[in-house]
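Student: The lines below spell out each chain.
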Amino acid sequence: MTRFIKKNKQHIGLPPDELIFRGQKKIDQVLLRIIDFDSTNLTEDYVKTVKEISEFQHKNTVTWINVDGLHNTSIMEEITSAFNLDTLVMAEVLNTEARPRVIEYDNCTLITIKMLQNDDNSNKTIVENLSLILTKSVLISFQERKGDVFEPVRERIRKQKKRIRNGGTDYLTFALLDIVVDNYLYVISLLGEKIETLEETLLLNPNQKIINEINNYKRELNFLRKSIKPAKEMIFSLAKLDSDYIGESTHVHYKELEDNISQANDASDDYREILSDQLNIYHTTISSKLNDIMKFLTVFSVIFIPLTFIAGIYGTNFEYVPELSYKYSYFIMWGLMIVIAVIMLLFFKNKKWF
Amino acid sequence: MTRFIKKNKQHIGLPPDELIFRGQKKIDQVLLRIIDFDSTNLTEDYVKTVKEISEFQHKNTVTWINVDGLHNTSIMEEITSAFNLDTLVMAEVLNTEARPRVIEYDNCTLITIKMLQNDDNSNKTIVENLSLILTKSVLISFQERKGDVFEPVRERIRKQKKRIRNGGTDYLTFALLDIVVDNYLYVISLLGEKIETLEETLLLNPNQKIINEINNYKRELNFLRKSIKPAKEMIFSLAKLDSDYIGESTHVHYKELEDNISQANDASDDYREILSDQLNIYHTTISSKLNDIMKFLTVFSVIFIPLTFIAGIYGTNFEYVPELSYKYSYFIMWGLMIVIAVIMLLFFKNKKWF
Amino acid sequence: MTRFIKKNKQHIGLPPDELIFRGQKKIDQVLLRIIDFDSTNLTEDYVKTVKEISEFQHKNTVTWINVDGLHNTSIMEEITSAFNLDTLVMAEVLNTEARPRVIEYDNCTLITIKMLQNDDNSNKTIVENLSLILTKSVLISFQERKGDVFEPVRERIRKQKKRIRNGGTDYLTFALLDIVVDNYLYVISLLGEKIETLEETLLLNPNQKIINEINNYKRELNFLRKSIKPAKEMIFSLAKLDSDYIGESTHVHYKELEDNISQANDASDDYREILSDQLNIYHTTISSKLNDIMKFLTVFSVIFIPLTFIAGIYGTNFEYVPELSYKYSYFIMWGLMIVIAVIMLLFFKNKKWF
Amino acid sequence: MTRFIKKNKQHIGLPPDELIFRGQKKIDQVLLRIIDFDSTNLTEDYVKTVKEISEFQHKNTVTWINVDGLHNTSIMEEITSAFNLDTLVMAEVLNTEARPRVIEYDNCTLITIKMLQNDDNSNKTIVENLSLILTKSVLISFQERKGDVFEPVRERIRKQKKRIRNGGTDYLTFALLDIVVDNYLYVISLLGEKIETLEETLLLNPNQKIINEINNYKRELNFLRKSIKPAKEMIFSLAKLDSDYIGESTHVHYKELEDNISQANDASDDYREILSDQLNIYHTTISSKLNDIMKFLTVFSVIFIPLTFIAGIYGTNFEYVPELSYKYSYFIMWGLMIVIAVIMLLFFKNKKWF
Amino acid sequence: MTRFIKKNKQHIGLPPDELIFRGQKKIDQVLLRIIDFDSTNLTEDYVKTVKEISEFQHKNTVTWINVDGLHNTSIMEEITSAFNLDTLVMAEVLNTEARPRVIEYDNCTLITIKMLQNDDNSNKTIVENLSLILTKSVLISFQERKGDVFEPVRERIRKQKKRIRNGGTDYLTFALLDIVVDNYLYVISLLGEKIETLEETLLLNPNQKIINEINNYKRELNFLRKSIKPAKEMIFSLAKLDSDYIGESTHVHYKELEDNISQANDASDDYREILSDQLNIYHTTISSKLNDIMKFLTVFSVIFIPLTFIAGIYGTNFEYVPELSYKYSYFIMWGLMIVIAVIMLLFFKNKKWF
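Chains as they are written, first to last, in our numbering: chain A, 1 to 354; chain B, 1 to 354; chain C, 1 to 354; chain D, 1 to 354; chain E, 1 to 354.
These aren't lab readings, by the way, just hints derived from the structure by calculation.
Treat the hints with care, since some could be wrong.
Remember, identical chains collapse to one label, so a pair may be satisfied in a single copy or spanning two.
Said to hold, decoys possible - Calculated cross-link-like contacts (lysine-lysine; reagent style DSSO-like; alpha-carbon spacing at most 27 Å):
1. LYS194 x LYS25
2. LYS9 x LYS114
3. LYS114 x LYS194
4. LYS25 x LYS6
5. LYS226 x LYS114
6. LYS255 x LYS114
7. LYS161 x LYS136
8. LYS9 x LYS159
9. LYS194 x LYS352
10. LYS146 x LYS51
11. LYS229 x LYS161
12. LYS194 x LYS9
13. LYS240 x LYS352
14. LYS295 x LYS352
15. LYS161 x LYS9
16. LYS229 x LYS6
17. LYS209 x LYS349
18. LYS351 x LYS295
19. LYS226 x LYS146
Same shape as in the complex, but just chain A (with noise of 0.2 Å):
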């Protein structure tokens, strides 16, 4: 399975605007739940039918619409047509393996965003799609699984913090978007202290074992880069964005959120320099070793050869070696081989071999 791009040839060629939802299936059944409140009143609920939700779009209030589950299309339609939506905005909306993106359009604005998430329990980063349409009064944000990563909004929102219930739909965007960054931010540092750990081993003991993490984090890297690099991007070209729908005073969260992705961003550019470097480091060491080891092998070698071949001489069955009858050849064999390996040690110990 390919996990950087998948594209399935049925849907090459498909109108734009054609409702088709291209991901997963990762809940049984969809749940919408509404939170519509000024700085006074507060309703929250959840709802069975979209026509419940339809009529708090002509209030003054902010509703805030999350809708868990994309796979069914009647319900896609419904708020299509209930919010009186482009079908290409619901089409993008389904499209969950499109690149984060801003696009205006008449009367709403959409925000695509990968959501990653470290799941305690398998200890595993989970990605999901985003999907935020934004308009005057009314923010739908869709998920493709139940989460309830934006409880701590709702908390706020509950507590009647004085900034989100005064503020618009904008607000209530940039509190969504800014925790999706904070994610990035924990999701990189958890790695990160992966990353960190196995450099302060790297040295000490290098082994094959080393190769295989440093492998799967530089995957598990460009596993999360792929989702931030172009949330980057899109984030800045909505604090650039003359939408209707943002006002101008959340540019200073926006600022703040630009600087936030940047930094994931940056972490996660240096540590993919660190992975590299990491793996330069154990393959130099590796090099480094094998020196060693070769350089141990050719002194014990090159000591013994010629050890061997001397006794090897004296081994022949010659009839006439005037050495061998000498009474004491063989004391002043075992000398000349000391002798030999006194020198070649001194040798080698010259050569700072060892």
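Model the placement of chains B, C, D and E on the given structure of chain A, informed by the hints.
Tutor: Same frame as chain A, but now just chains B, C, D and E:
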């Protein structure tokens, strides 16, 4: 045969408006197909002569003329004069080795792009130059071979899908380019699947074949990138173009094209880096395995070298070697050898060589 | 502990104006110091309560308030309300893990930057987040620990150096940032000295320790770059900023800051490349030495292998080996061996193996 | 001789308008050729003196003066005064080592570019500096050697090809630059063919010669890139230039030039990467083969080392070695040796060493 | 001693207008030289005191004051007050470790750049900081040592070369910078010659010394790049500068400066890549040679190992070894050995190991 760039010496210095087909003939006969439609009516036909086409250009409808095969220069000349085009335009269409480009002429816009398709039989990627001549009411598309890649668009026209039947030539152009870019994504995703599969077997069983595969994938990727990178440039300049023939209403679609081609481009960049990483990992793994081999050889040699030396000593034929005549000498020698071997083994154990 | 990025899971989803100190407590008690001056008068004092400070803000003088230690949230809140700041501003000040940034608020400009200092005792680099809140007549600087790094500026103020006593808060800001950037240059120059010293010993005596040192310097450099690169971005955007609180007359100074931070950044880039080059050179040297080792072993082995073989031949116990009984056989064998050895030596000499 | 940059110490500090020929003399005598034309008339001639040329400049026709050979400074001075040029312009023409550039002067535009041609005899690439002085009605082209590279353009002029006979000096300039750029493409395509051929033999039969070839191609490519990269810059700045001497109508042609030079530049970038990849692949292949060699040596040694040791044991001359006197000892030894060898083989088989 | 960046701890926190000479004293006494000229008159003199100079500034002529040596702070102060300069300007002049820069002050423009010169005696590159203070009628140039590098310009002034005698201080500035940049080109071309010579011997005779040379050239190149890269930035920003002291008429000259510094910069980039390629090629060559060495050792060992083993077998002293007593055993053994050796040789031949 060079793949990356092909320049025929004979073509140097030709006037830019000389109608010479510079590619390879990939189809026997030029095919002319016409689809003429507005929101209510639809005419679809294969035609034999250019005359039959030319009458459509003054109607108020959208006319899509599809020309398969470029080698028949006389037909090209007829089209040129029938639609009152600059010969420069047609010369560009015939120059199939050129870089993807958008050029605005006085009475038309020319768009050229490379089409990449996966041939399902041979599993190879086929490249073809696609040229689009865009005027207010006529779109002429030129393909090098008979292709059914645009069939989904024809289908949408036939099925009276609103957007395409109400759109102009600019929307039609978008629809065709969209298919081209979707095919980029598809072709890359196929290659990417192979690359990511390779990654999994890289560390388990590194062998010479992997270098071949990495090399092949690199070549294939270079080949794709050669088409995708300038296509990206072209599409971005197209989106910025202030053309008479591309209306405001299609801007949102061209934005999507930009995103898709960026995704294709990013993916090709990512896979490129992954392949480089794989080669690095492979090289480091190989070096690491060499260390293991040499450690093995060294341990084995270093243990046996002194033992064989001792045996050699007592194989000498000196007349007076005192040890030879002691009754237990042979067993003492064995004992000594075992002690040496054990010391050696402990030494290597201590060095963590195994 | 991760160094490059640190993100606490508890902080995800907090409102941007929540006053939470996100760093480590590095000082016991918050220190408030005040310097108030114009060209003629000077007041300098340590104060205990925020009230004592707040009265200075309406005077016509320049007031510099230095806050050492950020952990006491209630003092921060007092400052916030005393100077009528947005809580967002103070939340940024407390967020010491954030990226260096300039943000313009309604009634102030916030500048944050990492301070790098060389601790002369441990010879390690200390990082600290510096935040500056700049209004027309007040500059509030926040440091994480009690620091005397700005003492030279205080000295200049006391000594009635004209420029600083006549300048506004913008000039004072420049003076502080100038010290921060000068410390960057100083810290890099210290590291650079070590790196360039390493270079000299790299080729003379390559050994495993050099990899450790290269790796350590890389880590240290990465660590510095992490602060310097975004600081450069920040200073360039600061110089371009059309702020109410930064006057025309200080532009020439901000230009100088740009040059200095660029110099620091260039130097860090250069040292990065030098370290990579060093690792490459080291790896190549190691490989080159391995060739020498293997040449040595090969020459030695290849000369003795056939000699030992010959000795082995005449050590066989066949009953009929004609050579054994000739009187001069033993000496002929020696002659033959010497001839073989000389031929081998000439062969290797010819191959330039030694 | 340096190829990449050549700077004569004597030329440092010369005034910019000093007419000194700084290149090598590549032709014996300066050749002056003139082609004067409008849509109906054509004069073509070799002339001896500058006087004969100067009268053409006030006619309403397009006059193309081709100067082959730059070493005769007095002729250059005559041209300078005949056409009332700034001496700066002519000094630039004579400075053949300079970077390709476009400079607008008061009464002319100067364009310089390197011409790359493949010499079909030696199969080497020849470089030559081409300078074009462009005024309203006169184009003076300066070449270092007698060249027939522009013959196709002359042919087109003679054959009364409409576009070129109706165009002005700007169209003529385009036609010449087009040939230069086409030659870039041709030269690169020739080199590219060699590089892609190399790729095919790289994995089949890696040997030392391949390094030489890769190195040679790298050098050649560097050499080409040195001309192509600044030429690209030059052509892009030319296309953006708001010159009096380049009319609106030729903009579409300059756009094509941009595309072609970009294609040349892309191809040179691509080949550069391919060569780097090839060297990497080669290095990895070599390392992989080394593993095979060492495995082979290790397997062979490790099998025979204990066998030879055993034989050595029973070659000792101890008086009391019980095994020696048993009748079947010799055969038992053989059996033992075979068992050891088989166990070893199975061990290596299990380790997948062969 | 660090070369890339030097920061004295004592200088941190100094006011920007403190006149402290931060470099090394490179000349004993400060030399003041004056050249005052217009198109007709010329005064040239060495002066002792600043007073003698200051009277020139109100004349209508162009005055070029050359100051060799910066260590005498009191002279610097005199110049500052004589020409009514901001002390900031002079502080910049004395800060010889700073980055090349252009700064516009109220009544002057300051230009600083590093001068690189090849010392013909030691064949080393000398660096020196050049500062130019440019006003309407006065140009003050500051050098660190007594230099005659600008002698050609003085010569041109003396010889009444029109352009320089009629030009203003801006043209004079160009003339000086032109010499500086020409020296860059010269210094690089000298280094380049060495690098390209190295390339030719790289493949013929690779040895350890080559690593040293590559490393030395890398260091030298890094050193040059450190001056050239910021100089390029400086010159480009100078050309874009809307200064009161740089007239329209010199723009064409500054364009040329841009081209020349770009050429120097490109060349340094190119050589950098060539050196990296050389190291790569060298490393690969070394690895390739190691394969040859190991093949040689393996072939030799593998042929003799079984032969020596066989000889060992028949050197055993078993009482009953049937082969020993056959008369032709010895010759059969030789035959067997030869057969084994030939088979081995054919095997390796087949494997293309030699």
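Student: Evaluate each hint against the coordinates.
Tutor: Now the hints, each set against the structure:
1. LYS194 x LYS25: This pair counts as between: shortest inter-copy Cα distance 25 Å, intra-copy 32 Å.
2. LYS9 x LYS114: both (23 Å within a copy, 19 Å between copies)
3. LYS114 x LYS194: The answer is both: 23 Å in one copy and 25 Å across copies each meet 27 Å.
4. LYS25 x LYS6: The answer is within: 15 Å in one copy meets 27 Å, while 34 Å across copies does not.
5. LYS226 x LYS114: both (9 Å within a copy, 26 Å between copies)
6. LYS255 x LYS114: Result: close both inside a copy and across copies, 20 Å intra and 19 Å inter.
7. LYS161 x LYS136: within (21 Å within a copy, 31 Å between copies)
8. LYS9 x LYS159: This pair counts as between: shortest inter-copy Cα distance 21 Å, intra-copy 49 Å.
9. LYS194 x LYS352: between (38 Å within a copy, 25 Å between copies)
10. LYS146 x LYS51: within (21 Å within a copy, 50 Å between copies)
11. LYS229 x LYS161: neither (32 Å within a copy, 36 Å between copies)
12. LYS194 x LYS9: between (38 Å within a copy, 16 Å between copies)
13. LYS240 x LYS352: Classified as neither: same-chain Cα gap 64 Å, cross-chain 59 Å, threshold 27 Å.
14. LYS295 x LYS352: both (10 Å within a copy, 17 Å between copies)
15. LYS161 x LYS9: Classified as between: cross-chain Cα gap 21 Å, same-chain 48 Å, threshold 27 Å.
16. LYS229 x LYS6: both (18 Å within a copy, 19 Å between copies)
17. LYS209 x LYS349: So LYS209 and LYS349 pass the 27 Å test across copies only (19 Å; inside, 34 Å).
18. LYS351 x LYS295: Both ways: LYS351 and LYS295 sit 11 Å apart in one copy and 15 Å across, limit 27 Å.
19. LYS226 x LYS146: Answer is within; shortest intra-copy Cα gap is 23 Å, inter-copy 37 Å.
When held up to the earlier numbered hints, the structure conflicts with 11, 13 and fits the remainder.
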